[in-house]
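A.B. asks: Sequence:
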Amino acid sequence: MIRLVVLVLCILAAPPAWARMVARPVDWTLDGTRFHSVLVYDDAVAARRPGLVMVPNWYGVNAIAIDKAKMIAGRNYVILLTDMYGAAVRPANDMQAGAVVKPLLSDRVLMRTRIRRALDELRSQAATAPIDLSRLAAIGFCFGGAAVLDLARSGADVKAVVSFHGNLTTDDPALARRIRADVLVMNGADDAMTSPDFGAFLDEMRQTPTDWQFVVIGHAVHCFTETEATAPTGMCRYDAGAAARSYALMRQWLAVRFARGP
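For the sequence shown, the positions run -19 to -1, 1 to 243 when mature numbering (1 follows the signal peptide of the UniProt record, and there is no 0) is used.
Each hint should be verified, as a subset may be incorrect.
What the hints assert, rightly or not - What follows is a set of in silico ranges between Cβ atoms, one per label pair, in the way DEER data are often shown:
| no. | residue 1 | residue 2 | range |
| --- | --- | --- | --- |
| 1 | ARG104 | ALA236 | 15 to 23 Å |
| 2 | ASP192 | ASP171 | 35 to 43 Å |
| 3 | THR109 | ALA173 | 24 to 32 Å |
| 4 | ASP12 | ASP75 | 25 to 33 Å |
| 5 | ALA173 | ALA107 | 37 to 45 Å |
| 6 | PRO154 | ARG104 | 26 to 34 Å |
| 7 | ASP171 | ALA107 | 38 to 46 Å |
| 8 | ASP113 | VAL196 | 37 to 45 Å |
| 9 | PRO154 | SER176 | 26 to 34 Å |
Just so you know, these hints were derived from the structure itself, not from any lab.
Glycine included, C-beta positions come from ideal geometry on N, C-alpha and C.
Can you build the whole structure from these sequences, using the hints too?
C.D. replies: Printed below as a string of structure tokens:
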């Protein structure tokens, strides 16, 4: 009898069998193009939590990006892993990726329109996912860093924007005056792809009325959070130490901004 009672108590105390990390498709259409994104969160947590728009590197939404979103989301965030290209566009190599990011980097109005639409979609997902609409932010990696910085430059009403080894350029530095989010930007000191833009970016951000921080990570090159960048040398290379430090800084930055309330 005692064994039976213990067994029942163990069953009741165990997490439900259906508790899992959700990665469900979220589609929308903008200007005739269908976009295919993924909403990621842990459904074992009932409480509402901050919502993040996440834009991956120039390879866009793929299995690696989904795994990265799951790792970041954990039990703490609901993440909309955002398609910036359209559902029919999935680059398979660097040449293809470079070709599909070029139109967006050349037409920043288009980029801002698409990332603003993603933020609207994140808000709408609160009807079916545990998103706290008072705590929204955006994070981006490489090309995705440029996208979320443009979201901030558009004047979007989010608490924070965080860019990892992102493109720092802009079509209009004066847009920095419209930023409402607190901005954290982290780039490698030895990132040959973005370091030429450091000075202009600092000048731009000095116009920003909100809190901002530009962190230069010593010895890191481009792609320092991208685990698939496994080459032992080169200018696009994963750095476990730099990745860990940057994720810790991101979580601290978001925690402080989300704690401020409405």
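A.B. asks: Please test the hint of 15 to 23 Å on the beta carbon pair from ARG104 and ALA236.
C.D. replies: holds, 21 Å
A.B. asks: Does the Cβ distance between ASP171 and ALA107 fall inside 38 to 46 Å?
C.D. replies: holds, 41 Å
A.B. asks: 37 to 45 Å was suggested as the range; check whether the CB atoms of ALA173 and ALA107 agree with it.
C.D. replies: Holds, since ALA173 and ALA107 (Cβ atoms, about 41 Å apart) stay within the stated range.
A.B. asks: Taking the beta carbons of PRO154 and SER176, is their distance inside 26 to 34 Å?
C.D. replies: violated, 18 Å
A.B. asks: Given a hint of 37 to 45 Å, does the C-beta separation of ASP113 and VAL196 actually sit inside it?
C.D. replies: violated, 26 Å
A.B. asks: Could one say that the CB atoms of ASP12 and ASP75 fall in the range 25 to 33 Å?
C.D. replies: holds, 27 Å
A.B. asks: Taking the beta carbons of PRO154 and ARG104, is their distance inside 26 to 34 Å?
C.D. replies: holds, 28 Å
A.B. asks: Note whether the CB distance of THR109 and ALA173 lies within 24 to 32 Å or breaks it.
C.D. replies: With Cβ atoms ~44 Å apart, the hint is violated.
A.B. asks: Just tell me: holds or violated, for the beta carbon distance of ASP192 and ASP171 against 35 to 43 Å?
C.D. replies: Roughly 27 Å apart at Cβ, these two residues miss the hinted range, so it is violated.
Of the numbered hints listed earlier, those contradicted by the structure are 2, 3, 8 and 9.
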